[in-house]
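FYI, in my numbering the residues of the sequence shown are 17 to 321.
Keep in mind that the hints were calculated from the coordinates and are not lab data. Errors might be hidden in some of the hints.
As the list claims (entries may be wrong) - Below 30 Å or equal to it, Euclidean Cα-Cα: the simulated DSSO-like pairs (lysine-lysine) are:
(1) Lys23 to Lys86
(2) Lys282 to Lys86
(3) Lys68 to Lys86
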Amino acid sequence: MLIYTLKRLALAVAVALVVSALSFGLLYLSGDPATAIGGEAATDADILFIRKTYGFDQPIYTQYLTWIGKALRGDFGMSYYFRVPVSQIMAARLPATLILGFSAIVFALVFSIPLGVIAAIRPNSWIDRTALFLSVMGQAMPSFWLGLMLMVLLSVWLPLLPPSGTEGWEYFVMPTIVLGYYAMPAIMRLTRAGMMEVLASDYIRTARAKGLLSGSILFKHALRNAVIPVVSVSAVQFGFMLGGSIVIETVFAIQGMGYLAWESIKRSDFPTVQAVILVFAVIYIVLTLAADLLNGWLDPRIRVT
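Please take these sequences and the hints and turn them into a complete structure.
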């Protein structure tokens with residue numbers, strides 16, 4: 017397990033370095049960053065001053081090493097637009113995104129895993145068909161459309177929930193349902209397929225022949241093996257929710273990291289965009305690493321692959 021953990025850690029660090037280099041390269045995608053900051057009215061003297069102030073006159077590799085060194089200490093520089101440290105902006109926005117992403121993945125797991133298990137136990141039953149219908153609906157409906165429909169239903173026709181904002185837990189109910197519902201189909205279908213495969217295996221038939229209780233076979237022997245790929249998919253879905261929450265945060269006016277990324281891209285606020293991408297990438301890498309380690313613990317055969 018130690019060697020497996022070290023290999024996964026080394027791979028995670030390598031991926032993080034590549035992502036950080038790509039994120040830093042965004043600064044030069046639009047051309048000269050000093051010109052972008054100064055604007056069309058900037059004189060040559062202004063451009064020269066900006067280059068010296070922000071270190072753009074240094075070689076690119078020096079700029080990257082300086083940037084990544086500061087990023088490791090939590091210093092992502094100053095926002096070009098907000099004129100405050102980027103870390104300060106993210107500290108204010110990150111909690112809303114984490115709350116939304118965590119509640120959405122919990123919502124998806126709580127409903128999709130039991131539904132997938134029941135569908136596997138009762139294939140071709142009305143429960144199985146209902147689960148398949150919900151799965152297709154979840155993949156077919158655009159998340160912004162579902163968000164708007166929920167808003168009309170639960171905020172306009174039935175004034176039960178506030179339509180937008182982040183002032184209390186009730187503001188996160190509809191965004192959680194929308195974001196969680198989008199992740200449910202993949203988790204539910206993977207659980208169903210895994211359970212059906214495991215329930216048809218020899219060791220399950222042996223357990224039944226020994227007279228073990230159905231509940232013990234289902235939850236102690238079958239579910240543990242069937243849930244292994246679900247762990248990986250859930251980690252990926254959680255990372256996707258954090259990075260892809262920009263649409264949901266925009267629809268429900270949630271001042272989170274996704275909305276911050278959208279604002280920063282519109283305003284060419286490169287330090288903020290770089291920081292948001294790097295933070296999302298690191299969270300995604302950590303989640304994937306945690307899923308790999310958990311899978312290695314659940315199934316020792318994975319450690320030798």
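Given hint Lys86 paired with Lys282 - CA-CA distance at most 30 Å: 25 Å, holds
Restraint check for Lys23 with Lys86, where alpha carbons must lie at most 30 Å apart: Holds. Lys23 to Lys86 sits at ~26 Å (cutoff 30 Å).
Hint consistency between Lys68 and Lys86 [alpha-carbon to alpha-carbon, up to 30 Å]: Cα-Cα ~18 Å, so holds.
Checked against the numbered hints listed earlier, the structure breaks none of them; every hint is satisfied.
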